[in-house]
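Asks: With chain H fixed as given, assemble chain F onto it according to the hints.
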Amino acid sequence: MDESEPITIEISRRTVIEAGTTALLLTALPPAALAAGPSDNNEPPPPSATVTFQINGRSHELTLDPRTTLLDALREHLALTGSKKGCDHGQCGACTVLIDGRRINSCLTLAVMHDGQSVTTIEGLAEGENLHPLQAAFVEHDGFQCGYCTSGQICSAVGMLAESRTGMPSYVTDDLTHPMAELTDAEIRERMSGNICRCAAYPNIVAAIKQAAGTPT
Amino acid sequence: MKAFNYQRADSAAHAAAAAAKPGAKFIAGGTNLLDLMKLQVETPSELVDINRLPLDKIEETPDGGLRVGALVRNSDLAADPRVRQRYGVLSRALLAGASAQLRNKATTGGNLLQRTRCYYFYDVTKPCNKRNPGSGCAALAGFNRIHAILGTSDHCIATHPSDMAVAMRALDARVETVNGEGEARVIPIAEFYRLPGKTPEIETSLKPGEIITAVTLPPPPPGVHVYRKVRDRASYAFALVSVAAIVDSTRGRIRSARLAFGGLALKPWRAPQAEERLVNAAADTTTFNAAANAVLEGARGFGGNDFKVPLTRRTLHSVLADTTRT
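So the sequences go chain by chain: H and F.
Each residue of the first sequence is one higher than the one before, counting from 1 in our numbering.
Each residue of the second sequence is one higher than the one before, counting from 218 in our numbering.
Worth double-checking, as some hints may not be accurate.
[As the list claims (entries may be wrong)] Label-pair restraints from in silico Cβ distances:
| # | chain 1 | residue 1 | chain 2 | residue 2 | range |
| --- | --- | --- | --- | --- | --- |
| 1 | H | 63 | F | 515 | 55 to 61 Å |
| 2 | F | 274 | H | 115 | 20 to 26 Å |
| 3 | F | 531 | H | 162 | 25 to 31 Å |
| 4 | F | 407 | H | 145 | 48 to 54 Å |
| 5 | F | 277 | H | 100 | 22 to 28 Å |
| 6 | F | 401 | H | 127 | 25 to 31 Å |
| 7 | H | 115 | F | 263 | 14 to 20 Å |
| 8 | F | 256 | H | 167 | 44 to 50 Å |
| 9 | F | 298 | H | 57 | 29 to 35 Å |
| 10 | F | 274 | H | 116 | 17 to 23 Å |
| 11 | H | 200 | F | 401 | 32 to 38 Å |
| 12 | F | 454 | H | 177 | 22 to 28 Å |
[Said to hold, decoys possible] Calculated lysine to aspartate or glutamate pairs in the DMTMM-like style (CA-CA distance at most 20 Å, straight line):
| # | chain 1 | residue 1 | chain 2 | residue 2 |
| --- | --- | --- | --- | --- |
| 13 | F | 238 | F | 277 |
| 14 | F | 255 | H | 100 |
| 15 | F | 274 | F | 340 |
| 16 | F | 343 | F | 371 |
| 17 | F | 219 | H | 88 |
| 18 | F | 415 | F | 465 |
| 19 | F | 238 | F | 427 |
| 20 | F | 424 | F | 398 |
| 21 | F | 274 | H | 100 |
| 22 | F | 424 | F | 263 |
| 23 | F | 255 | H | 88 |
| 24 | F | 238 | F | 259 |
Hints in this document: simulated from the structure, not taken from any laboratory.
Keep in mind it's a predicted model, so treat the numbers as computed, not measured.
Even for Gly, the Cβ is constructed at its ideal location relative to N, Cα and C.
Just chain H, same shape as in the assembly (with noise of 0.2 Å):
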């Protein structure tokens, strides 16, 4: 998706890396390229949509060209780029946050339509200096590799034993009448399958949620 909106983030040391590797592209691409955006074909831009909501607890009023997923409103105007994107059709699950405490797809929403409501990110999820105990679990158990799903990979767990803590079945519990499923290695890989690894480093993380879920490892 192209932005019109000028990013203003603090300057860190990301920051130049992400402007210098921007630059490079730019020159790569050929003109046309350059031209596509909301002005392409002529058409006048859409007119733009306010958005008020809590981002890790903190109020945000964003006005937004609506075509901004939740994704890019939180990578390219908040600065929050914990929440990664991956395939961004809803395929991977790197983009993975908590909206009123449910896991979802921000790569496969608009922005616009979260008007009033909570997201969680991965950046809200740690007390401080204190990691959620997901966080911890993962670290404990080498739950990663080159860590590009990582952090869609821990609020998928934070919603998932949520889910499960209601009470929530899956496509592998037995009984679905039974009113509350444990937790198996089979019961968290099924639940866990909107989340890919391409270091596949699955085992671990099972192992890391199995032990932030209380179930023994």
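Replies: Chain F alone, transformed into the frame defined by chain H:
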């Protein structure tokens, strides 16, 4: 993504009136529509956000059924204790679909209306009669491993991707709608979906702007509920073949059965001839073969999907054996 105007609807009739304009679309969960908009398969000029409408309740009906609001999320419907107790086939079908993140967004109405995952429908550089009427069907002589074997036409061999709708077809659900004038109607799910014929771009009997407000489930028929999904990986994949079955049997004899199939056609495929073969029949291989033959009458493969004929037969055998083991 092409530019669009965005508005939030405050009533179903207002939403229907707003969406009756050419180029307008409803958006609820958005998990399918935004995917298609990013690829410019869908290019709405107006998005009518219906998420604020009060259509998110599951209610008992006087006859002992359930009325499911169009905005009930797939995860909430699957987890509802009444659905798990009385409509196990529906709960299991919902849980077989997509991922947990998508089920938390996807709605009952939107799931009914999701579009095919045919590769050529998704690829705007390829001919597709559904996306671009009259341009041809690239799947007929292309990669068609995932495509339909029943109810196809020379114009389209796509499949309907929903698991939920297959279970609802077995349950004889009814789709409730409202149009821009505020007029309500009820469409039996048997009449909701259309086969491709010469107009694969017309997928349902909904009129422009008509909005789904609820799906009603009649009281559940007696029997064992099963949803069996066969796919290329264990989770988070579309069905190659799926079977929604409700089978009532005792001591090796079948009293009644309902069968609906996914992955075989452009609509959830109910098989009444097969169901007739099962009534008062012995639960044995001869009966299961007769039922499979009835399901597959007129089935036709297109090369890559020829395997779906024996796969359907074997999946049905397995389901019938499991549901009659009493």
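Asks: With reference to the structure, classify each hint as holding or not holding.
Replies: A quick look at each hint next to the structure:
1. 63(H) / 515(F): 55 to 61 Å: Since residue 63(H) and residue 515(F) have Cβ atoms about 56 Å apart, the given range 55 to 61 Å holds.
2. 274(F) / 115(H): 20 to 26 Å: holds (22 Å)
3. 531(F) / 162(H): 25 to 31 Å: violated (39 Å)
4. 407(F) / 145(H): 48 to 54 Å: holds (50 Å)
5. 277(F) / 100(H): 22 to 28 Å: Between residue 277(F) and residue 100(H), where Cβ atoms are some 26 Å apart, the hint holds.
6. 401(F) / 127(H): 25 to 31 Å: The hint (25 to 31 Å, Cβ to Cβ) is violated, given that residue 401(F) and residue 127(H) are roughly 50 Å apart.
7. 115(H) / 263(F): 14 to 20 Å: holds (18 Å)
8. 256(F) / 167(H): 44 to 50 Å: violated (37 Å)
9. 298(F) / 57(H): 29 to 35 Å: holds (33 Å)
10. 274(F) / 116(H): 17 to 23 Å: The hinted range 17 to 23 Å holds for residue 274(F) and residue 116(H), with Cβ atoms some 20 Å apart.
11. 200(H) / 401(F): 32 to 38 Å: violated (51 Å)
12. 454(F) / 177(H): 22 to 28 Å: holds (26 Å)
13. 238(F) / 277(F): Since the Cα atoms of residue 238(F) and residue 277(F) sit roughly 35 Å apart, the hinted pair is violated (cutoff 20 Å).
14. 255(F) / 100(H): violated (26 Å)
15. 274(F) / 340(F): violated (37 Å)
16. 343(F) / 371(F): With Cα atoms ~16 Å apart, residue 343(F) and residue 371(F) stay inside 20 Å; holds.
17. 219(F) / 88(H): holds (16 Å)
18. 415(F) / 465(F): violated (39 Å)
19. 238(F) / 427(F): It holds: about 11 Å lies between the C-alpha atoms, which stays within 20 Å.
20. 424(F) / 398(F): holds (12 Å)
21. 274(F) / 100(H): Answer holds: residue 274(F) to residue 100(H) is near 18 Å, not above 20 Å.
22. 424(F) / 263(F): Holds, at about 17 Å.
23. 255(F) / 88(H): Holds, at about 9 Å.
24. 238(F) / 259(F): holds (15 Å)
Of the numbered hints given earlier, the model fails hints 3, 6, 8, 11, 13, 14, 15, 18; all others are met.
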